Amino acid sequence: MRSITKRFPGVLANDAVDFEARRGEVHALLGENGAGKSTLASILTGLYRPDSGEIAIDGKTVEFHSPRDATAAGVSMVHQHFRLAASLTVADNIVLGYKGTPWLRTNPATIEAQVSELARRYRMPVRPDARVWQLSVGEQQRVEILKALYRGARILILDEPTSLLTPQEAEDLFETLRRMTAEGRTIVFVSHKLDELMAISDRVTVLRGGKLIGTANTRETDQRALARMMIGREVVFTQAKQSHDATDDIALELKGVSARDDLGLQALHDVSLSVHHGEIVGVAGVAGNGQRQLAEAISGARPRTVGEVVVKQRKLRSGDPEHAVLNGVAYIPEDRMDTGVSPSLSIAENLVLKSHRRAPISTHGVLRHDRILRNARELIKRFAISAPGPDTPARRLSGGNVQKVVLARELSSSPEVIVAANPTRGLDVGATEAVRSLLLEAAGRGVGILLISEDLDEILLLADRIAVMYEGRIVGVVHRSTADIQHLGLMMAGASA
Amino acid sequence: MAATAVVLLAAGKDPIATYARLFDRAFIEPGSLSNTMITATPLLLTGLAAAAAFRMRLWNIGAEGQLYLGAVGASGAGLLLRDQSGAVIIAGMIAGGLLFGAGWAVIPGLLKAYFNTNEIITTLMLNYVAGLFLTYLIFGSRSFWRDLSTFSARAFPQGKPLPAAAMWPSFDLNLVVLPFGFVLGVLAAGLLWWLYRSTIFGLQARILGDSQSAARYAGVKTRRVVVTMMALSGALAGLGGASEIGDFRHVLDPRGLQQAGLGYAGIVVAALGRYNPFAVVLVAFLLGGLANAGYSLQGPGFPAGLVGVLQGMILFFALGGELLIHYRISLPLPFGERGLSRQ
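Chains as they are written, first to last, in this note's numbering: chain V, 1 to 497; chain G, 1001 to 1343.
What the hints contain is simulated information worked out from the structure, not anything from laboratory work. Note that the structure is a prediction, hence the values are computed from the model and not measured. Heads up, the beta-carbon is just placed ideally off N, CA and C, and yes, glycines get one too. Please note: incorrect hints may appear among the correct ones.
Chain G is faced by these chain V residues, among others (derived, beta-carbon under 10 Å) [stated by the list, open to error]:
hint, residue
1, A301
2, Y331
3, P343
4, L345
5, E349
6, V366
7, H369
Here are the computed lysine-lysine pairs in the DSS-like style, where the Cα-Cα straight-line distance is at most 27 Å [what the hints assert, rightly or not]:
hint, chain 1, residue 1, chain 2, residue 2
8, V, K193, V, K211
9, V, K255, V, K315
10, V, K315, G, K1221
11, G, K1013, V, K312
12, V, K60, V, K255
13, V, K255, V, K312
Between the sequences and the hints, there should be enough to build the whole structure, so can you do that?
Here you go:
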């Protein structure tokens, strides 16, 4: 790809970017959110057309008018969020929309046999006659990759492929990728996780603000250098929590808590756990194993079926968020844009989302606009929220600033306990750093923190103790000092500890 | 406007002259402004009813039925209190309209809050129920509302006329006569604006309308807010019904009320006013003028049907234009984003 430029209204997404991947290599594309990685990948797969610049494959200049052209030229992409029809079988999904497929269904057995053959060759075990909704996330990803291979992909683009995988599943994926490159196929690996890039890639290209920063051989560089290229300044990766003797004071205690999910199925089974003052307890697990229900059961957003949540020797009422707030439970929800804030409301109003019922924010049912505004000005300054003003609707803010609004509100209520669900997911390095230091600071003041995160590295960095959740149960609790990533990964995948 | 002109030309009319006449009859001619106010009053109240609920994305399209019930409540109160002084009767009528309208709206409100039924369906269905109930009161029964005093009234069913003291006052400002209902409507608009902006209830309604999960997270008692808002919306529509009785009809008139379709027109008013109470006042006034001018246009050589076509087209284009102003078509799509995105 030579000198690719793509302009969106108001944004220069790619500014004369050159990108080149060799046959048989894993080439990583690294950059913060909004650096232009996805745009570049979309141009390569024919989703967008560049405003200027050209694409050449095997030395021949090509022009893609649609993803179909790209597929025909051997370029396929596996998106971060899979594009599969959940009610169809694996085999059906693989042939769906492929122009080699006849109008009427061919003999399913033939396709299934072809799929099985491909799956064996790349060591991606998956049953071709299974329905997609029955598959785990890792298996669904294999289906996406098989789909690309079935279409004869020689260049495969993977967008953040490990974000939903357990460490074991990620290791399996890397094995598959190595087999593919050994056959001369090219992998473009889009990610912002430095450690996995170091593990899998041959070369790394870094983008920042739509511009090409540089390309490096992975073997000749290190994480620190790449991070500097990505952010444009030195990053402190030494935010690890200082170990200390946790006080005997219990900040939060769960006794046999169970809860159902939105479909009425039991999602949380008999969870007992305690968090001491000044302690960070990490809850690790693959997404969808009851973490969300756990957070909501504590914060009162979801009623419990049985069990107690105790804060300051007081039992919290089930399904009563206000009672939890009044007893000092702060909650940073994982869906920050639609739950953490009310997107159309102003920053000032979002900062009083929980306190608006009480004095001094309101008196006798009437809001005190002057006090709401003063509160907003103060918090915007204290938490360095960058926004045009307190009246700006929350949805205009970047992810990092939205999270700062949430944190500002939750921390300023001087909580006893903070429940934080994936507080840094999707944030760039700078914002991640800010969020983590705010949490560490709170723990330093004696707040008990329950950190629910799918990012194992984050938990290992911040947590004193680590609880692993699998299928709604706590399957084990380990101290950070004795934690071993392989062992944690096995527990997360449901293997008995 | 241009498309409307084509229709007028096809019908053999001079479009420019017609527009001029329309404007003249709506706002300029002596007395026309007062007539416009009369037409605008129920539109204002039902418009506010729709705006109140729609603002938090509660789709109460039952203003029609709530207005009928308000009319029933107000006329009932007027008849019950016939021997009292005028002020007592009028206060009773207002209360009756508010309560009956609110009560009718609380039914779908409770269904929505506790069984998560679709309020569009339930409110729409209850409109038919309310209409039939109205007809039953006068045509199908010997109810309290029916006039049975004379032989002809028994043969040709009609409602009992209200006492003269039950007529709502109007305010003559020389230039224009304001019906009492319109004044109440403007007060209600101010109150609604303040409610949304400056009260806990209003803030919670805005949060709930914006994001249900954020509302749950913030500890908003969502059921209570939904039911209260339905009651408020219904009360405003009911007030519209009360004003119809007190300001204009002075008798419960099922056919007249049902033909007017004031509740549905209120939805259009609310949409054009973008759910802003003050804009609703303005839009109700303009649409009142349009409707009023329509009445006076029709006559020999200008069929009522053509007037309807004209009004319909003006509304259609106004709403369509409204839509186009706020939507833009964005062409190359960053994926995951919708092509038609609201600004």
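The hints, checked one at a time:
1. A301: With a closest approach of 5 Å, the A301 (chain V) hint holds.
2. Y331: 7 Å, holds
3. P343: 6 Å, holds
4. L345: 6 Å, holds
5. E349: This interface hint holds because 7 Å falls under the 10 Å limit.
6. V366: 6 Å, holds
7. H369: 7 Å, holds
8. V:K193 <-> V:K211: Cα-Cα ~19 Å, so holds.
9. V:K255 <-> V:K315: 10 Å, holds
10. V:K315 <-> G:K1221: Given pair K315 (chain V), K1221 (chain G) holds - Cα atoms ~21 Å apart, limit 27 Å.
11. G:K1013 <-> V:K312: At roughly 81 Å apart (the allowed maximum being 27 Å), K312 (chain V) and K1013 (chain G) break the hint.
12. V:K60 <-> V:K255: The hint is violated at about 66 Å.
13. V:K255 <-> V:K312: Given that 27 Å is the threshold and the Cα spacing comes to 14 Å, the pair holds.
The structure is inconsistent with the numbered hints 11 and 12, although it conforms to all the rest.
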